[in-house]
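Trainee: Read top to bottom, the protein sequences are chains A and B.
Per my numbering, the first sequence starts with residue 1, numbered consecutively.
Per my numbering, the second sequence starts with residue 242, numbered consecutively.
Worth flagging that the hints you see were computed from the coordinates, not collected in a lab.
Ideal Cβ placement from N, Cα and C applies to all residues, glycine included.
Misleading hints may appear alongside valid ones.
Ranges of calculated distance between the beta carbons of each label pair, as one might list FRET restraints [unchecked claim]:
hint: 1; chain 1: A; residue 1: 204; chain 2: B; residue 2: 459; range: 23 to 33 Å
hint: 2; chain 1: A; residue 1: 204; chain 2: B; residue 2: 320; range: 39 to 49 Å
hint: 3; chain 1: B; residue 1: 447; chain 2: A; residue 2: 214; range: 35 to 45 Å
hint: 4; chain 1: A; residue 1: 4; chain 2: B; residue 2: 431; range: 29 to 39 Å
hint: 5; chain 1: B; residue 1: 455; chain 2: A; residue 2: 164; range: 52 to 62 Å
hint: 6; chain 1: A; residue 1: 27; chain 2: B; residue 2: 406; range: 40 to 50 Å
hint: 7; chain 1: B; residue 1: 258; chain 2: A; residue 2: 165; range: 29 to 39 Å
hint: 8; chain 1: A; residue 1: 125; chain 2: B; residue 2: 456; range: 15 to 25 Å
hint: 9; chain 1: B; residue 1: 459; chain 2: A; residue 2: 238; range: 51 to 61 Å
To list a few chain B residues with every Cβ distance to chain A over 10 Å, as calculated [as the list claims (entries may be wrong)]:
hint: 10; residue: 244
hint: 11; residue: 262
hint: 12; residue: 269
hint: 13; residue: 357
hint: 14; residue: 384
hint: 15; residue: 475
Protein chains: 2
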Amino acid sequence: MKISSVAVVMAMRPEAAPVIASLGLVEADDGPAGLPFRWYEGRHRGIDISVAVNGVDPRHQVDSIGTNPAVLNTWLLIERRRPDVVVSAGTAGGFVSRGGEVGDLYLSSGDLVFHDHRIPIAGYSEYGIGRYPCADVEHLAHRLDAKTGVVSTGNSLDAPQVDLDQMAANDASVKDMEAAAVAWACWLSDTPFFALKTITDLVDGPADTAEEFLLNLSMATGRLSAALVELVAWLAEHGLD
Amino acid sequence: MKISSVAVVMAMRPEAAPVIASLGLVEADDGPAGLPFRWYEGRHRGIDISVAVNGVDPRHQVDSIGTNPAVLNTWLLIERRRPDVVVSAGTAGGFVSRGGEVGDLYLSSGDLVFHDHRIPIAGYSEYGIGRYPCADVEHLAHRLDAKTGVVSTGNSLDAPQVDLDQMAANDASVKDMEAAAVAWACWLSDTPFFALKTITDLVDGPADTAEEFLLNLSMATGRLSAALVELVAWLAEHGLD
Numbered sequence: 001m002k003i004s005s006v007a008v009v010m011a012m013r014p015e016a017a018p019v020i021a022s023l024g025l026v027e028a029d030d031g032p033a034g035l036p037f038r039w040y041e042g043r044h045r046g047i048d049i050s051v052a053v054n055g056v057d058p059r060h061q062v063d064s065i066g067t068n069p070a071v072l073n074t075w076l077l078i079e080r081r082r083p084d085v086v087v088s089a090g091t092a093g094g095f096v097s098r099g100g101e102v103g104d105l106y107l108s109s110g111d112l113v114f115h116d117h118r119i120p121i122a123g124y125s126e127y128g129i130g131r132y133p134c135a136d137v138e139h140l141a142h143r144l145d146a147k148t149g150v151v152s153t154g155n156s157l158d159a160p161q162v163d164l165d166q167m168a169a170n171d172a173s174v175k176d177m178e179a180a181a182v183a184w185a186c187w188l189s190d191t192p193f194f195a196l197k198t199i200t201d202l203v204d205g206p207a208d209t210a211e212e213f214l215l216n217l218s219m220a221t222g223r224l225s226a227a228l229v230e231l232v233a234w235l236a237e238h239g240l241d
Numbered sequence: 242m243k244i245s246s247v248a249v250v251m252a253m254r255p256e257a258a259p260v261i262a263s264l265g266l267v268e269a270d271d272g273p274a275g276l277p278f279r280w281y282e283g284r285h286r287g288i289d290i291s292v293a294v295n296g297v298d299p300r301h302q303v304d305s306i307g308t309n310p311a312v313l314n315t316w317l318l319i320e321r322r323r324p325d326v327v328v329s330a331g332t333a334g335g336f337v338s339r340g341g342e343v344g345d346l347y348l349s350s351g352d353l354v355f356h357d358h359r360i361p362i363a364g365y366s367e368y369g370i371g372r373y374p375c376a377d378v379e380h381l382a383h384r385l386d387a388k389t390g391v392v393s394t395g396n397s398l399d400a401p402q403v404d405l406d407q408m409a410a411n412d413a414s415v416k417d418m419e420a421a422a423v424a425w426a427c428w429l430s431d432t433p434f435f436a437l438k439t440i441t442d443l444v445d446g447p448a449d450t451a452e453e454f455l456l457n458l459s460m461a462t463g464r465l466s467a468a469l470v471e472l473v474a475w476l477a478e479h480g481l482d
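Take these sequences, add in the hints, and give me the full structure.
Mentor: This is the structure we're talking about:
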């Protein structure tokens, strides 16, 4: 499938700033009024690019991470721009037990899943997990020198045993806080989707997650930005399977 | 404040059916296309009423419970209808330790909070909890013979220790799966909000939550429906403080 437009949904300003600069994007004037979301746009390698940042929460003055803003920002962006593909891009946790290392780049493979929606009623268990589809990006992974694996989403930075158990059941290689929510909005609107994540911390490693995340954020966002520029070039050349 | 229009957001069809029948609502023809949400409308006691049901998930064929559909349905409803007040109505868990009993009716008091958004980074902890405001409904509680208490929201039906600890920290009297997400969308759009919940199960009681929920669902939705009809009458007479 030929790709003419790509939308990238990102949660944090420090995640988005390097790629906005690298691609020379400018703030769009059709961003949603009355919401913290910030939309940036530009054109690179013949492809229209939108970067939709969830923005600063006006009540708490921090970046709007997590699934609630991700759902709404993604849906409004799809409604307004009708992109050919949506990418959930950002930093994430990896797993030593899955061969993950800090600095790794991951593309999602398999379905997108949640690990903090436990609903033990017939039919609802699977609804809670989600399993929203991911585009086939194996060739892109080769080009980006990225690993591939299941991305599992939850609204907490930490990982108590109950979440670890569900991530294991989900075969998760990557733990993030938005991807499956973005995938849900994409699936409802028949928009192809995948996730691109760089690893700032190791869920099953010895370090404190918050400290490790903050320590590695700048390095990881640099790698993420370079990968997104390469990703656009690849989509311009090859489209999406 | 005089109230001319009320929007009620509900997650499950069995929760919504009795109130749709009691108020004689009909399906609206301006419901959002391509989404599972179902909007119903009508007029009662001089007030325009919308009931927005999150509807059937097309991937899993169960009701779209939880925060993701709640956020999107609420936002689209507010965008289209600009209601004077939004009510998150549905069934919920109560707490024996707070004097809760199955069949109780609760109105929200204090801020609306999440109990499954743990983000232990300065500034983000409070963002995760949320604390979105609730309209003053003490007088309405007297009219409805309802209890009042903090409603705490999470995406799981169960309550492992990590969630119980956060609910205790939140002073929760009611555990539900949508209210704080609806409150977030209302707060962003400056729309007055409160929650009305009936108790189907006791979080700290001895029974299995899923069994207790299913056993008491019909009784609780009947009480919820009667309370919503009375609530509309009260808003017609008194408005909102």
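Trainee: Could one say that the CB atoms of residue 258 (chain B) and residue 165 (chain A) fall in the range 29 to 39 Å?
Mentor: Distance hint for residue 258 (chain B), residue 165 (chain A) holds at roughly 36 Å.
Trainee: The hint says 23 to 33 Å between residue 204 (chain A) and residue 459 (chain B); measuring C-beta to C-beta, is that right?
Mentor: Hint violated: Cβ distance 44 Å, outside 23 to 33 Å.
Trainee: Verify that the Cβ of residue 269 (chain B) lies farther than 10 Å from every Cβ atom of chain A, and report whether the claim holds or is violated.
Mentor: Check passes; 19 Å lies beyond 10 Å.
Trainee: Return holds or violated for the Cβ distance of residue 459 (chain B) and residue 238 (chain A) against the range 51 to 61 Å.
Mentor: Roughly 55 Å apart at Cβ, these two residues keep to the hinted range, so it holds.
Trainee: Between residue 455 (chain B) and residue 164 (chain A), does the beta-carbon spacing fit 52 to 62 Å?
Mentor: Given about 29 Å between the Cβ atoms, the range is violated.
Trainee: Look at the Cβ atoms of residue 27 (chain A) and residue 406 (chain B) and judge whether their distance stays inside 40 to 50 Å.
Mentor: 41 Å, holds
Trainee: Since residue 384 (chain B) was said not to touch the interface, does its Cβ keep a gap of more than 10 Å from each Cβ of chain A?
Mentor: 31 Å, holds
Trainee: For residue 244 (chain B), which was marked as not at the interface, is the minimum beta-carbon distance to chain A over 10 Å?
Mentor: 22 Å, holds
Trainee: Holds or violated: the 29 to 39 Å window for the beta-carbon distance between residue 4 (chain A) and residue 431 (chain B)?
Mentor: 37 Å, holds
Trainee: Against chain A, does residue 475 (chain B) keep a CB gap of more than 10 Å to every residue?
Mentor: At roughly 29 Å from the nearest Cβ of chain A, residue 475 (chain B) sits farther out than 10 Å, so the non-interface label holds.
Trainee: Per the stated criterion, does the least C-beta distance between residue 262 (chain B) and chain A lie above 10 Å, as a non-interface residue requires?
Mentor: 24 Å, holds
Trainee: Please settle this one: residue 357 (chain B) was flagged as non-interface, so is its CB more than 10 Å from every CB on chain A?
Mentor: 6 Å, violated
Violated hints for the displayed structure, listed by number in ascending order: 1, 5 and 13.
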